[in-house]
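Work out the full structure, taking the sequences as your base and the hints as a guide.
The listed protein sequences derive, respectively, from chains A, B, C, D, E, F, G, H, I and J.
Numbering-wise, my numbering puts 93 at position 93 of the first sequence, and it's gapless, one number per residue.
If you want my numbering, it's the position in the second sequence, counting the first as 1, plus 151.
If you want my numbering, it's the position in the third sequence, counting the first as 1, plus 302.
If you want my numbering, it's the position in the fourth sequence, counting the first as 1, plus 453.
If you want my numbering, it's the position in the fifth sequence, counting the first as 1, plus 604.
If you want my numbering, it's the position in the sixth sequence, counting the first as 1, plus 755.
If you want my numbering, it's the position in the seventh sequence, counting the first as 1, plus 906.
If you want my numbering, it's the position in the eighth sequence, counting the first as 1, plus 1057.
If you want my numbering, it's the position in the ninth sequence, counting the first as 1, plus 1208.
If you want my numbering, it's the position in the tenth sequence, counting the first as 1, plus 1359.
Bear in mind the hints are in silico, worked out from the structure with no lab data behind them.
These numbers come from a predicted model, not from an experiment.
Hints are supplied without guarantee of correctness; some may be wrong.
Unchecked claim - Straight-line C-alpha distance at most 27 Å; calculated BS3-like pairs for lysine-lysine: (1) H/K1207 - H/K1167; (2) I/K1318 - A/K110; (3) D/K563 - F/K865; (4) E/K714 - G/K1016; (5) D/K603 - C/K412; (6) H/K1167 - C/K412; (7) J/K1469 - F/K865.
What the hints assert, rightly or not - So the derived list for chain H, only partly shown, Cβ under 7 Å to chain C, looks like this: (8) G1076; (9) H1077; (10) T1078; (11) D1079; (12) L1080; (13) V1187; (14) R1191; (15) W1192; (16) G1197.
To be verified - Counterexamples of contact, computed for chain A against chain H with all Cβ distances above 12 Å: (17) A59; (18) R79; (19) D81; (20) S82; (21) H85; (22) A99; (23) G137; (24) E139; (25) V142; (26) Y147.
Idealized CB from N, CA, C, for every residue including glycine.
Read off the chains here:
There are 10 protein chains.
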Amino acid sequence: MKRSGILNAELGEALATLGHTDLLLVVDAGFPVPRDAHRIDLALAENLPDLRTVLGLIADELVVEGVVRAEDVPSHNPRLDSWLHERFSGAEFTTRPHAEVLGELAREAKAVVRTGAFEPWGNIGLYCGVDAPRWFGGEGVVVPEQYASKV
Amino acid sequence: MKRSGILNAELGEALATLGHTDLLLVVDAGFPVPRDAHRIDLALAENLPDLRTVLGLIADELVVEGVVRAEDVPSHNPRLDSWLHERFSGAEFTTRPHAEVLGELAREAKAVVRTGAFEPWGNIGLYCGVDAPRWFGGEGVVVPEQYASKV
Amino acid sequence: MKRSGILNAELGEALATLGHTDLLLVVDAGFPVPRDAHRIDLALAENLPDLRTVLGLIADELVVEGVVRAEDVPSHNPRLDSWLHERFSGAEFTTRPHAEVLGELAREAKAVVRTGAFEPWGNIGLYCGVDAPRWFGGEGVVVPEQYASKV
Amino acid sequence: MKRSGILNAELGEALATLGHTDLLLVVDAGFPVPRDAHRIDLALAENLPDLRTVLGLIADELVVEGVVRAEDVPSHNPRLDSWLHERFSGAEFTTRPHAEVLGELAREAKAVVRTGAFEPWGNIGLYCGVDAPRWFGGEGVVVPEQYASKV
Amino acid sequence: MKRSGILNAELGEALATLGHTDLLLVVDAGFPVPRDAHRIDLALAENLPDLRTVLGLIADELVVEGVVRAEDVPSHNPRLDSWLHERFSGAEFTTRPHAEVLGELAREAKAVVRTGAFEPWGNIGLYCGVDAPRWFGGEGVVVPEQYASKV
Amino acid sequence: MKRSGILNAELGEALATLGHTDLLLVVDAGFPVPRDAHRIDLALAENLPDLRTVLGLIADELVVEGVVRAEDVPSHNPRLDSWLHERFSGAEFTTRPHAEVLGELAREAKAVVRTGAFEPWGNIGLYCGVDAPRWFGGEGVVVPEQYASKV
Amino acid sequence: MKRSGILNAELGEALATLGHTDLLLVVDAGFPVPRDAHRIDLALAENLPDLRTVLGLIADELVVEGVVRAEDVPSHNPRLDSWLHERFSGAEFTTRPHAEVLGELAREAKAVVRTGAFEPWGNIGLYCGVDAPRWFGGEGVVVPEQYASKV
Amino acid sequence: MKRSGILNAELGEALATLGHTDLLLVVDAGFPVPRDAHRIDLALAENLPDLRTVLGLIADELVVEGVVRAEDVPSHNPRLDSWLHERFSGAEFTTRPHAEVLGELAREAKAVVRTGAFEPWGNIGLYCGVDAPRWFGGEGVVVPEQYASKV
Amino acid sequence: MKRSGILNAELGEALATLGHTDLLLVVDAGFPVPRDAHRIDLALAENLPDLRTVLGLIADELVVEGVVRAEDVPSHNPRLDSWLHERFSGAEFTTRPHAEVLGELAREAKAVVRTGAFEPWGNIGLYCGVDAPRWFGGEGVVVPEQYASKV
Amino acid sequence: MKRSGILNAELGEALATLGHTDLLLVVDAGFPVPRDAHRIDLALAENLPDLRTVLGLIADELVVEGVVRAEDVPSHNPRLDSWLHERFSGAEFTTRPHAEVLGELAREAKAVVRTGAFEPWGNIGLYCGVDAPRWFGGEGVVVPEQYASKV
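Rendered as structure tokens:
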């Protein structure tokens, strides 16, 4: 068996295929996953697994430079929003209308991970980053401004 | 065997993949199911199974917040329309031109369940909802207006 | 969304395809699932989801007439064994050598449900039954001895 | 739409691929359909569709020269047995141990049609025949003894 | 074996999937069948099977409410046109430019049945109908004008 | 279009994959084609296409060195047997019990071509040969005895 | 084995699926075959097989009514152009900009046959025709002007 | 991107599907990988990647309780053998005849990872273990003798 | 085994399908490979294999007439740029905005080869050429101006 | 395009997957290739491509340590046998009964390459070897006797 990390083979493989700027959607149990999306269904029962546990496991293994969620989250689900800011402290936070999360973002996502969460607007987009220090450490590489702080 | 509920494996699986705002079409035996639709063919013989039985079985297992049907149903098949209003009492009812049911809605549907119904305009679209009370029950969650009544 | 029951589409579908005498294996995270088995991977992290939760959810939806587990369970994991006897009180309990659970039973199983359980011999085989009373209630049906008690 | 006959596309196609001596299994909702069988799942709810309706629809479209069922049917489900003898009056009737119906016959069957029947030993094997008169009507054809009666 | 009707399994299945307004193209041996069309190739040799035989077999099993063919047929292949009018007497006849038959209609068709016909413009589109009397016979159903004559 | 020869793409391709000693089965409409056979279904209606027409078209394009048919053909369908001897005059003729044609030969065949024939024991096995003169014409090649006559 | 004609099974099958106006591209070894084209790779080594041999074999089996090639061929590869005019004497010759051959025509082609040719602009499009005399020979058929000469 | 660990998505997924007693083969560039094996081809050029690097990366992520290699390794490639004993210090070491590594073990392996190694008998079988302490830590669990040392 | 050249079967096959003007992308470990791209994942660990090694192996086997990279490479990763100019000395060099490399070029590429490179903008597009001397050497071929220098 | 070597993508890939002791069959146009073999069809017309050309191209790219052919080749096709001994001078030569080449060897082969050869017993099995010097050159490696001569 694997010594550590995420046990789920399909989720692990999906994380390994993500590249810089790719979008991974981690959603609640009621998300309308598009038919042609790469759908990873971990949902079993109400809040099993819950949204925060799955997001936490992914945060441990994936470099995340951006977090996008429905506009309603800051206003109508503030506890989730503060948890997100804490767990993905280095990331850039943005919002999108709820309808676009279900529409545009769902079609853009490289994979959609379905949790058992019964949570309003519990659909969080993670934009992947790269490990800046190790990326820009090469000899003669000039670090562009937007990465300077990270390097 | 399963203790209860819908016996059909493919239909059961389709219901489990539906999310909020997803459209499920339950149609009569003469519906032109698009080639690339997810076609679940339960039709066997005339009105076997009939439309109302299949809709009833699905209503027992699926949260439905909207019902769409051809404009002709209220006017030309009133008995079906009253049955629908009764069976999906909490849902929002809308109509679409018959041609759009066969065209746009058929392409939008996550799955098309074919019954044996020999019934004019016997093609009913079910928009999935979520279990509002359980969805908005979390601590600190502010229930938006449109869900207040349901919570 | 589904009103109730198991949320996972693939697990729900697998249960719906099980028939009388079919074997469903619910296993721990370290089980050697054969390459050509129908593998349903719900494992996420250590004991998430745990064995008893998954078994309980399945017990709610599936008629189980037999439970088979490694010989080591009664002797070396008695707490698990007593839980099993309690949860599947009507079922017939048998044991098999651990190697046969990993070998013969794994090949025989209609599906193998992988949990996150870190539990020794946490691999439980469920033999499906049928709802005897409803099966043998037909007019003129003579109930055979082995089902008399159940009917 | 089709003018008449079985509406179900997959069942219709299966019947059209059957040849002389091929076995078609029409089973109850609890039958353990082998994983690699050609499984046609018409089951929806308890006894919907029921065994006799499906068998009757098939009998209208398929030449059947043999009917095989579990030994228990004549003795423990006599009403079903008499219905079978009446509906397939020209066929040769045989029995097999129930375990072999679930085992050997299930593997031999060209297709397994699952009904909603909740009926003990409701698993009926139909051996296909050919339309003897039209088969042996050619010029100079010598009709072998076993077909003489049919021609 | 099947007692009667079309023997070809793939053609039989295609007919069973057709719904109201669906288009079935029955074409000659030289038709440019699009790569992603559902291509049912019955062609064997010159005029084996011929166009009229295949159309006749289909007409026996399918409700056809419309027939479309190239403009050239009435003018340049009048014998074929009169045969069509006779065989599909109840249908509505339309024409389209030959290029559109090869283009637009070929892409729209649910299936393209290739015969062995060596016949100019031997490409006939059949628009499926429904069995109006059985469709509009339900209690309280108001028959719309365009179907009154058929009911 | 092809200038000449068999029009059917799948049949043409199958003939092109046949090599020396390969078996091609050309069968009547009632043949029990095994599920995993390469099934080429040309059957449309009774004796359309008939057995002799299909065999003749194949004989024009394929080198056949052996013909096998059920023992019953010489005795009970002599007209078919004489036609075969005439059409495949150079081939070696053998017989097999009817059950073996439906069993062993059906499993051995590289492809099974289904005609519309309603003909008793209308199942003919063709063993492919090679064009001996062109095969053994190379410099220094010693023609083995069994081919001497053919070269 | 096949008695004569093209030995390659995939190429033979492709030719048999071509209909009137379909485009077949026969290209040199360096052609950028689109990822979703039907790619038939016969290339083995430099000019093995060469362009003219493959074109000749196809010309023997396919009715060709049009030949399209890059504008550069008449001007910069005149020997190829004269060979083409001689081998496809009855066809209508057109040219297209080289970029369109690699782009538009490559996407339009029903199949792309890759040879081993090392020949500049060695990418020849063949538009399929039909055997006009056999097509327009039917009783009462009025031959349109553009085919009169061919009939 | 992934923060750490093996970058290759397919290899990562394979490791996540391995269970207790499963065999993973890590082989040199010349290994005859069976056609139906799960073949993960990382080979690029001679010794790129080399055997030890790949084995080391896997050892970091996989619990290995057994190492099997050809009998020839201890005798004819002692440096490789000592490296293996050092890197997999806790594992049980066994040997098999070289032919069985290429035969039986290759068929048994859940996956075969091909490196660029140009190394004699560079084909190493890793038998997966489980994390004994975490496995047998549950309340009331009696640790069997063979695991006592590991717990 | 292969005597020489790239060992990886999938990479070797991809190179063999490339034609003139086709684009091959060789990218770093963090590249967002589109879901429907032909993804060849050679990445194993940080800089294993590194970008230059993979590019070098490909340069040995592929005729490259153009190199495209992000605008940032000449300015911010000059060492990589000079290495590229040296290794692909005959090619035409162009740049594209980094976003277009990740977007447009990624969708255009015939295949995307993922290395283990941790290198900023380490995503290099290779436009395939043809071996001009061997291409334009034929009798009577007029070499166009743009190739004169190469011939 | 590839700079050199075999142009055919599928053949190139097959060679790259071959390992030590793997069998590659290169056969004449009349070989009965098993249905489930990996069939690479290069045949176009009589002796195009011929057997020796294909074998030669493969010999340039593949390490071959063994050649097996039908017993009849030395006795009845001596010119082919002497050519083989010359072209594969380092290999070990064996023979098998012709029937076993068509049977056992055809099933064992990793791939079957079909040429256009019209040559009696033109079916040659190549057993792959490894580049012994580079394989056994590692430090501390003890070269076994059977490879000593090759190293």
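Quick rundown of the hints versus the structure:
no.	hint	result
1	H/K1207 - H/K1167	holds (25 Å)
2	I/K1318 - A/K110	holds (20 Å)
3	D/K563 - F/K865	holds (20 Å)
4	E/K714 - G/K1016	holds (20 Å)
5	D/K603 - C/K412	violated (43 Å)
6	H/K1167 - C/K412	holds (20 Å)
7	J/K1469 - F/K865	holds (20 Å)
8	G1076	holds (4 Å)
9	H1077	holds (4 Å)
10	T1078	holds (5 Å)
11	D1079	holds (4 Å)
12	L1080	violated (9 Å)
13	V1187	holds (4 Å)
14	R1191	holds (5 Å)
15	W1192	holds (5 Å)
16	G1197	holds (4 Å)
17	A59	violated (9 Å)
18	R79	holds (27 Å)
19	D81	holds (24 Å)
20	S82	holds (24 Å)
21	H85	holds (20 Å)
22	A99	holds (30 Å)
23	G137	holds (15 Å)
24	E139	holds (22 Å)
25	V142	holds (21 Å)
26	Y147	holds (14 Å)
Consistency note: the structure conflicts with the earlier hints numbered 5, 12 and 17.
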